[in-house]
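For reference, the chains in residue letters:
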Amino acid sequence: MLKTVRIFLFILALMAATVPAGGAGAAEPRVSEATENCLACHTAATPGIVADWKKSRHAQVSPAEALKKDRLSRRVSTEKIPEPLAGSVVGCAECHTLTPAAHPDTFDHEGEQVHVVVTPGNCAVCHPEEAGQYERSKMSWAQKNLADNQLYNDLIQAVVGIYSVKADGLSLQPAGAKDQADSCYACHGTVVKVTGTVVRETDQGDLEFPVLDGWPNQGVGRVNPDGSKGSCASCHTRHQFSIKTARQPYTCSQCHKGPDVPAYKIYSVSKHGNIFSTHKDEWDFEAAPWTVGRDFTAPTCAACHVSLIVDEEGETVAERTHQMNDRLPWRLFGLVYAHPQPKSPDTTVIRNKAGLPLPTELTGQPAAEFLIDEKEQARRTERLQKVCLSCHSHGWVEGHWALWENTIQTANAQTLAATQLILKAWDRGAAQGPAQGDSPFNEALERKWVEQWLFYANSTRLASAMDGTDYGVFAEGRWHMAKNLVEMSDWLKFHLKTKK
Amino acid sequence: MLKTVRIFLFILALMAATVPAGGAGAAEPRVSEATENCLACHTAATPGIVADWKKSRHAQVSPAEALKKDRLSRRVSTEKIPEPLAGSVVGCAECHTLTPAAHPDTFDHEGEQVHVVVTPGNCAVCHPEEAGQYERSKMSWAQKNLADNQLYNDLIQAVVGIYSVKADGLSLQPAGAKDQADSCYACHGTVVKVTGTVVRETDQGDLEFPVLDGWPNQGVGRVNPDGSKGSCASCHTRHQFSIKTARQPYTCSQCHKGPDVPAYKIYSVSKHGNIFSTHKDEWDFEAAPWTVGRDFTAPTCAACHVSLIVDEEGETVAERTHQMNDRLPWRLFGLVYAHPQPKSPDTTVIRNKAGLPLPTELTGQPAAEFLIDEKEQARRTERLQKVCLSCHSHGWVEGHWALWENTIQTANAQTLAATQLILKAWDRGAAQGPAQGDSPFNEALERKWVEQWLFYANSTRLASAMDGTDYGVFAEGRWHMAKNLVEMSDWLKFHLKTKK
Amino acid sequence: MLKTVRIFLFILALMAATVPAGGAGAAEPRVSEATENCLACHTAATPGIVADWKKSRHAQVSPAEALKKDRLSRRVSTEKIPEPLAGSVVGCAECHTLTPAAHPDTFDHEGEQVHVVVTPGNCAVCHPEEAGQYERSKMSWAQKNLADNQLYNDLIQAVVGIYSVKADGLSLQPAGAKDQADSCYACHGTVVKVTGTVVRETDQGDLEFPVLDGWPNQGVGRVNPDGSKGSCASCHTRHQFSIKTARQPYTCSQCHKGPDVPAYKIYSVSKHGNIFSTHKDEWDFEAAPWTVGRDFTAPTCAACHVSLIVDEEGETVAERTHQMNDRLPWRLFGLVYAHPQPKSPDTTVIRNKAGLPLPTELTGQPAAEFLIDEKEQARRTERLQKVCLSCHSHGWVEGHWALWENTIQTANAQTLAATQLILKAWDRGAAQGPAQGDSPFNEALERKWVEQWLFYANSTRLASAMDGTDYGVFAEGRWHMAKNLVEMSDWLKFHLKTKK
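Chains F, G and X supply the protein sequences, listed in that same order. For the record, in the first sequence the residue sitting at position 490 is 611 according to our numbering, with numbers rising by one throughout. For the record, in the second sequence the residue sitting at position 380 is 501 according to our numbering, with numbers rising by one throughout. For the record, in the third sequence the residue sitting at position 269 is 390 according to our numbering, with numbers rising by one throughout.
Looking at chain F on its own, in the form it has when it is part of the complex (with noise of 0.2 angstroms):
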C-alpha cells in the first residue's frame, strides 16, 4: 500500500518538474557514430546483445555524466575520461575499437579496427582502481597459478586424463587442450590467442574474421591475447554489465557451487541465504553505494567480499574491492591445509620447506614467509568484521569467529589424519607418490585422500564460515571426513596385509 502511495506523489511530482529523455537527467547522451555503425548491422546480425545492451547503464550514460557524481555515488574511478570517450553513451565501438594497436586480434570491419576480446585494460579507462585491486586478486591468475604449478598440472591429469584399458589394468593418458579448456580452465580461464583468420559468408557478404584458440572462455583468470589477465565478463556479465548481477549469489555460483568450493550451495542454505532468496524482490541492487538494512537487509557474497557498504548516514563500513581477499583472514581451500592468505596472487612462486608448490607442509604447518602474517589476518578480520557488525553484535561476531576457527582447525586434523595414512601407504609401498616419480593424485587410495581436503575438509569449513552448518554435517562434510577416514584406513590394513 505504502509502496503505491510513493508511487502516486512520484507521479505528481514528475507531473510537475518536466522530464527529459534519457534515464540521467540531463541532456540526452549520444550514441556515438561508431557505434552507430556497428548497430546498423548488428541490430539484425545480434539482436540479443544489442537488446540486452540497450538495457544497460553504459547504453544510458555517458562517463562524463557518470563522473559528475559524489565520490560515493562514483561508478567510475578514473578522473578523466580521455576526450573522444567522455560524451558519448559507451557502445560497441567505445570498447571493442579501443587501443586497436594493442590487441593482436583486432580486425578489418566494415571500416572499424575492431577486437573481439575486451579486456580488463580496456575497462580500465573508466575504471582503473577496480581493474587495478583485481590485478593483485589471485582470481587474475587463475589461468597461470595452475598451469604453472608442476603438482596442480597432476591433479589436473588426475581428474580430465583420459584411461584406457590395457592388458594389465589401466592407462592414463594426458588430456589435451579441449579437455582442459572445458573442465578446469573453464573457470580459471584460458589462454586466447590469434592462429589465423576465417572468411564467412554473411548478410553483408564474403567478411574475414579472426580465428582464436581458447575461445570461448569466462574464466577469471583468462589470459587475454594483449597479455592480459581476466575478464571483467566473468561476474560483470555482457553485455548489460548489470551491478545487479555481479552482487547476486548466482554469479559467484558458476564456479564456487561444489564440492570443492561449495560457496554457493552453503549460502542458499544459510539464514543470509534465506533472507536473500525471500527478500531480494524488495532490495535495490543497483544502488551504489550500498546502504546495509536499507537496500539490502543480509548480505551476498558481493556484499561480504566486494562491493561499498555504507549505512543510512552515509558512514562508510567497507571500501570496494576487486581484490576478492582484501577481506579475508584465512584462506579456507585447503592446499592440502587451510592457511594464512599468500602475501602475492602469483602463487607459482611458493615452496614448502620439503620444496613443494604447496602453501602448507603436508604436515600442516603453512609455509609461512609466502603467506600474510598475523598482523595482515588481524587488519583483514577487522575489515569483514566491520560488515558482520552492521547487522550483529560483537558478542554474536566473536563466538562465530570462535567456532568457526576451531572448525578451520577440527578440518585440518581431519586432513592431518588422511594425509598420515598416504605418507604411510607411500612409504610402505601400497600407493606410488612423488617420491616413486608418480602423481600423488590419481590411485585409489590417493583419490579418497584428494577428497579428503578438496572436498569434505573445504566443505566443512566454509559452511561454518557462512553459517549454512548444517551443510556441513552430512551434505558433504564431518560425515564424509570421518566415514573417509575409517575406509581409508581399513583400505590401508588390508593391502599391507596382503603385500606380506
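Hints may contain errors.
A pair holds if it fits inside one copy or across any two, identical chains being indistinguishable in the list.
[Stated by the list, open to error] DSS-like mimics (lysine-lysine), calculated; alpha carbons at most 27 angstroms apart, straight line: (1) 604 <-> 299; (2) 496 <-> 299; (3) 190 <-> 614; (4) 569 <-> 618; (5) 265 <-> 464; (6) 299 <-> 287; (7) 496 <-> 604; (8) 507 <-> 175; (9) 265 <-> 507; (10) 507 <-> 176; (11) 365 <-> 287; (12) 507 <-> 314; (13) 507 <-> 189; (14) 287 <-> 474; (15) 604 <-> 545; (16) 496 <-> 365; (17) 545 <-> 496; (18) 507 <-> 464.
Hints in this document: simulated from the structure, not taken from any laboratory.
Please build the complex by placing chains G and X on the supplied structure of chain F, with the hints as guidance.
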C-alpha cells in the same frame, strides 16, 4: 524511474480510453453454462483449483478471440474452433466433458458426462500443431519406451527391486506396480485405467466416481484411459496452464535434475542460469512470440528447445516445436554411449548389431539405421545454433561446439573403458552378465559401470553442452569418471586374483 | 495491464480518502521512549538491524491495534496486552527489556535492564497460542532429545569425533563443545549460558556486556538462559520477523536440505516447488489468513504444516499450528525405521522392547506405547488431506496416499535388509556393536548401514511424500538403497570368509 514514467503515461492513456471489462479488450467473454454449473459446487469443493483457473488465460479469453491474433502472436494453432466451444472461455466443462464417449473414465456427474483425465486429444481441439509435434517427441513415448524394452526393465529392477537377506546372501524380488509408479514411471508416465467405481459422501450427497489405476500421475508419457500418450499438464501445469510456468526451468527440473540428467542443476550454475535467476523479474514470460533480448536476455530450457523466438524486428529466430529433439543433433543421454537422436520417437524398434534393444553397441558404435544421419544432424544443429547466434558470434558458437563435441567423445571414451572392464568381468566370471542369463545392472561392479555412463558421463556431457562446465568437473563429472574407473579396475584385479 | 488498472483505481480511491500517516490506517503508533533510547545509539552502532526492523510490522503496528482485527486476520493470539506494551510499536526495548529478572543474561546497559537472548516466553506476551503449540512440538525439544539420548550421542561422535592415526589404526576422540555447536547443535540448538562479563570499548565509552556460552545459535531447540526451549527467530528471522520469510521454503531449507532430511531439495523439484518458484512473485505472502488459490496457488512447507489456510469464502481449510507434526500421521525420519509420530515431544522417554532409546525395534516394530495410535494418525491425516483437497480430488489424494504408504513400507523393508546384515556382522564378529560395548555407528560397515536409513530411506520416503518423486530414484533414493545393500552384502561375505 523510467518504469514509473511508463506506468504513468499508460494511466493517462487509459483515462482517455474507455476501459472495457475483461482482460482482452473485446466484448466480455462468457463462462459457459456448463462451466457455471461446475463452479457452483467446485468453488467450495476445490477452491484452489477454481481460484487458480480464474487467473489463467483460459478463464479470460475465448477461442474465438484467440483466433483473431496474427500468426506469430496466436496461441491456438487450429484454423477453426468448433462452434459450441468458440464463444466461451475455456472452463471446466470445455475440457472435462469434451468427447465423453472417447474417454473410458467418463462418469455421470450432476447431470454432466465428465471425464477425469484431460488428454492431449482434448487440448488438440485448439492446439493441434502442438499436440502433433508432441506425438512425434520421444517424451510422449516415455512410458512405452521404458516398459516395452526388456533391458530397461532389468535396469528398473536393479533400481527399485526389493532386496531381502537370505542365508547365502541377498535375494532381489521385482518391485510391484506401486513402487514402479512412485519412481521411474512418475516421470515416464503410468498406464491409467478405470478399474471400477466408488461412492463418496459429498456436500451434494452420495456421488459415484470412477476408480483409476495408475493415478495420479503427471509423467510426460502417461498412457491415458483413451489410449492417448502424454500429458500436456506435465509442463503446462494445471489449472493456470501458464506459459510462464512452461518457460521457466523449474518445470523441466521436475524430471531433469540429476544425477542421470542434471540439466536443471547445470543450468542453475551456468552463465545463462545466472542471468535468468538475477533478471527474470524484469522479463516478460507471457509474450508470444518471445522476443530475444527484449522479453528475455538469456535462454531458459524452453528458449533453446521449444519456444517460438523472434527478434525485435519480428524476424523468426526459431519456430515453435513440441518435438523436443527437433533442435538436437545429439542424444547426450548415454545408452550406454551418447549417439545421434533416434529417427522414431518409438525407440522400442531399435536393435543394435548384437541384437540388444540399445541405440549403440556395447563397444560404442551407433545403431546407425535407427538414428538420424549426418544431414539431419546438421539441420538440427543449424536450428539450435540460430538461437545461440542471437547473442553470440559465429566464432563463439563454433568454439563452443568444438569443445562440446570433443567432450562427447571423451565421455564416450571413458564409458568404453568402463565397459571393457565389465565385459572382462563377465568373460572371466567375476560378474554374471546377459550371456550368463543375468541382469547386467545389479551386481556391485555392474552398478559402478551403470554410474559411469548414467551419472558421470551424462553429467559431463550436459555440463559441457549448457556451459555449466564447472559442474562437469568435480560435482558429478570427470573426477568421478576417473575415480570410478580406478576403483573398477582395482576391484576386478583383486577378484580375478582371488578367483585363481 | 489489469494490475496497472488496479493500481490506478486504487490511486483514485486514495485521492478521495484522507490518507493517515502510518501503515495501519489508525492514529500513528508511537515508538516508546525506551526504544527511542536504544535507537539513538544503535542506528549508528548496528545500522542493519535497525533498518531491517523499521521494515517490520512490529515497527508499524502496536499490539493494541493488532488486537482490533477479526479472529482470522489477527496476528496476536492473546486477548489482552499488558498496558505498558499495548500502545507502542514493538521495538527494541519491548522485547529485550521484558521481565529482566527472568533472564540471567540481563545486564545494565545505558540505564536499561537489557537481555541479549529474546526467548519464546517474551514472544508469548502477544503470541501465547503459538508459543504453547511450539512447546508441544518436537522442534522445541530438539536439543534435549539429542543430548539426552545415549545412542544419539554415539551417532554424534561418529559424525564429528576427531580421528587421529595411531600405529595400529585410527583413534576416535570425542569432539568438544565447539565442534558440536558448529554441527549437530547448529540446528538442534545449543545450551546458552552466561559465563561472565566483558568490557568493550564503544562509541559510548567502555561498557560491560555478558559473555554467553553456546552463542550465537539459532537452533530450533535452543535452551535459553531463562531455561526456555527454542527460538522463534529460527524461522521468524530477526529483525523483520516477516511472515513472508517463514512461509517461504528457504527458511526450512536451513536445516532440512539433506541428505538426512532433503525436504527442501525435494520440494524444489516437485510440481508444487515448480509453481512456487515460477509464480511466487504474484503471491501474497503477507496475508493473514492465507487464502488458497488467491494468495498462493501451490503449497509451501508452511501451507501444509503450519499456516492458517482459508478459502475465498472465508471457510477455514486448516487451523494455524506451531506443533509442526499436528498434521503428520507418520514420522518419515527413520530411527531407524519410519514410524507413527511420537506421543510426547520429549522423545527421551522412549524405550523400545530391547531397552534402546529408539521408537522402533532394530527389526522394525514400532515402540507402540510411545507413539500415536491409528485413531490419532487418522485425525492428523484428515487435517493434512484437507489442505490437499483444496486443489485435488479425493481420487487424486487417495491415489497419492496409497503410493506414499507403500513407499514407506518399501524403504522400511530395505532398511530391514541392511539391518539384518549389520546384526549378522555384529553376531559373527565382523563388526563391534552395542553388545560388544561399542558404538553401532562408527565402523565402515556400520556407516553404510547408517547411510541406508539416514540418507537413502529417508530421501526415498520424503520424495514420495512431497511428490518430488524423481529425487527418490537416482539422486539419493532407491538406486542408492539397492547399491548400498549389494556392497554391504559383498563386504560381509568377504570379511566372514577371510575371518575363517
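Here is how each hint holds up against the structure:
no.	hint	in the structure
1	604 <-> 299	between (35 angstroms within a copy, 21 angstroms between copies)
2	496 <-> 299	between (43 angstroms within a copy, 25 angstroms between copies)
3	190 <-> 614	neither (68 angstroms within a copy, 71 angstroms between copies)
4	569 <-> 618	both (20 angstroms within a copy, 23 angstroms between copies)
5	265 <-> 464	within (16 angstroms within a copy, 46 angstroms between copies)
6	299 <-> 287	within (24 angstroms within a copy, 45 angstroms between copies)
7	496 <-> 604	neither (37 angstroms within a copy, 42 angstroms between copies)
8	507 <-> 175	between (37 angstroms within a copy, 21 angstroms between copies)
9	265 <-> 507	neither (33 angstroms within a copy, 35 angstroms between copies)
10	507 <-> 176	between (34 angstroms within a copy, 23 angstroms between copies)
11	365 <-> 287	neither (52 angstroms within a copy, 52 angstroms between copies)
12	507 <-> 314	between (43 angstroms within a copy, 26 angstroms between copies)
13	507 <-> 189	neither (29 angstroms within a copy, 42 angstroms between copies)
14	287 <-> 474	between (39 angstroms within a copy, 25 angstroms between copies)
15	604 <-> 545	both (19 angstroms within a copy, 21 angstroms between copies)
16	496 <-> 365	neither (34 angstroms within a copy, 43 angstroms between copies)
17	545 <-> 496	neither (37 angstroms within a copy, 57 angstroms between copies)
18	507 <-> 464	within (22 angstroms within a copy, 47 angstroms between copies)
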